[in-house]
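Those protein sequences? They're chains A and B, same order as listed. Here the first sequence is numbered in our numbering, starting from 4 and rising by one per residue. Here the second sequence is numbered in our numbering, starting from 1026 and rising by one per residue.
Hints in this document: simulated from the structure, not taken from any laboratory. All values reported here derive from a predicted model rather than from experimental measurement. Treat the hints with caution; some may be incorrect.
Computed list of lysine-lysine pairs in DSSO-like fashion (alpha-carbon distance at most 27 Å, straight line) [unchecked claim]:
(1) A/K39 with A/K74
(2) A/K12 with A/K70
(3) B/K1030 with A/K70
(4) A/K55 with A/K39
(5) A/K47 with A/K74
(6) A/K43 with B/K1081
(7) A/K25 with A/K55
(8) A/K55 with A/K74
(9) A/K25 with A/K70
(10) B/K1096 with A/K44
(11) A/K74 with A/K22
(12) A/K12 with A/K43
(13) A/K70 with A/K22
(14) A/K25 with A/K44
(15) A/K44 with A/K22
(16) A/K47 with A/K22
(17) A/K55 with B/K1030
(18) B/K1096 with B/K1081
(19) B/K1096 with A/K39
(20) A/K12 with A/K47
(21) B/K1079 with A/K12
(22) B/K1126 with A/K39
(23) A/K12 with A/K22
(24) B/K1096 with A/K55
(25) A/K12 with A/K55
(26) B/K1030 with B/K1093
(27) A/K39 with B/K1079
(28) A/K12 with B/K1093
(29) A/K55 with A/K43
(30) B/K1030 with B/K1126
(31) B/K1096 with A/K47
(32) B/K1126 with A/K25
(33) B/K1081 with A/K39
(34) B/K1079 with B/K1126
(35) A/K43 with B/K1079
(36) A/K70 with B/K1079
(37) A/K43 with A/K74
(38) B/K1079 with A/K25
(39) B/K1079 with B/K1093
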Amino acid sequence: DTAVSQTPKYLVTQMGNDKSIKCEQNLGHDTMYWYKQDSKKFLKIMFSYNNKELIINETVPNRFSPKSPDKAHLNLHINSLELGDSAVYFCASSQDIVRGPAGELFFGEGSRLTVL
Amino acid sequence: DQQVKQNSPSLSVQEGRISILNCDYTNSMFDYFLWYKKYPAEGPTFLISISSIKDKNEDGRFTVFLNKSAKHLSLHIVPSQPGDSAVYFCAASGTALIFGKGTTLSVSS
């Protein structure tokens, strides 16, 4: 039974389109994240939600809007897709906001977005 | 500005030998460090961690060493096995986990 699942795993779309990636965790965790792994392979934090509240919002264009309907779900909606949005997007969860010993994140398998 | 750096993009080791993966960081306020392992088409999985108040943590074949004065940590895998072939990410605990670029380890039999 997958702990953190995200859909779709692959997404190919045209510039200018709007797309969403969904994430669900069944671990009972309070905190969820979106990370982006770009072509340079860096895993960069985009957003963090704790109990449906936005905790971290890194410098991400307004075209990216996370939505957390409940603490088990954190969806990522992207408007007006650009070529530079092509990346692998990872959803993750943790028991609490990542601090020290609570630093273990559980990741989904990733969603590879290709913008043509 | 890379706060966590893994300067070696790849490492090749023979089965049974030691693998040493290195990581440097710039922020002395980081209080916890973690290593994650990632196989292709999968998400990273937690491997081992170390608190900044310690200099060594061991878990089976995996040992992480921390040198705070040098702002350097390393992951030792002994003995290396072909199944260890993966990308290894170093991460530091700040406001969120901050990851390095990863090092691809290839263990040949």
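Hints, one by one, checked against the model:
no.	hint	in the structure
1	A/K39 with A/K74	20 Å, holds
2	A/K12 with A/K70	19 Å, holds
3	B/K1030 with A/K70	31 Å, violated
4	A/K55 with A/K39	20 Å, holds
5	A/K47 with A/K74	21 Å, holds
6	A/K43 with B/K1081	30 Å, violated
7	A/K25 with A/K55	15 Å, holds
8	A/K55 with A/K74	5 Å, holds
9	A/K25 with A/K70	9 Å, holds
10	B/K1096 with A/K44	22 Å, holds
11	A/K74 with A/K22	22 Å, holds
12	A/K12 with A/K43	20 Å, holds
13	A/K70 with A/K22	13 Å, holds
14	A/K25 with A/K44	22 Å, holds
15	A/K44 with A/K22	22 Å, holds
16	A/K47 with A/K22	20 Å, holds
17	A/K55 with B/K1030	32 Å, violated
18	B/K1096 with B/K1081	14 Å, holds
19	B/K1096 with A/K39	25 Å, holds
20	A/K12 with A/K47	19 Å, holds
21	B/K1079 with A/K12	39 Å, violated
22	B/K1126 with A/K39	12 Å, holds
23	A/K12 with A/K22	13 Å, holds
24	B/K1096 with A/K55	35 Å, violated
25	A/K12 with A/K55	24 Å, holds
26	B/K1030 with B/K1093	15 Å, holds
27	A/K39 with B/K1079	30 Å, violated
28	A/K12 with B/K1093	39 Å, violated
29	A/K55 with A/K43	31 Å, violated
30	B/K1030 with B/K1126	7 Å, holds
31	B/K1096 with A/K47	21 Å, holds
32	B/K1126 with A/K25	25 Å, holds
33	B/K1081 with A/K39	30 Å, violated
34	B/K1079 with B/K1126	24 Å, holds
35	A/K43 with B/K1079	31 Å, violated
36	A/K70 with B/K1079	38 Å, violated
37	A/K43 with A/K74	31 Å, violated
38	B/K1079 with A/K25	39 Å, violated
39	B/K1079 with B/K1093	9 Å, holds
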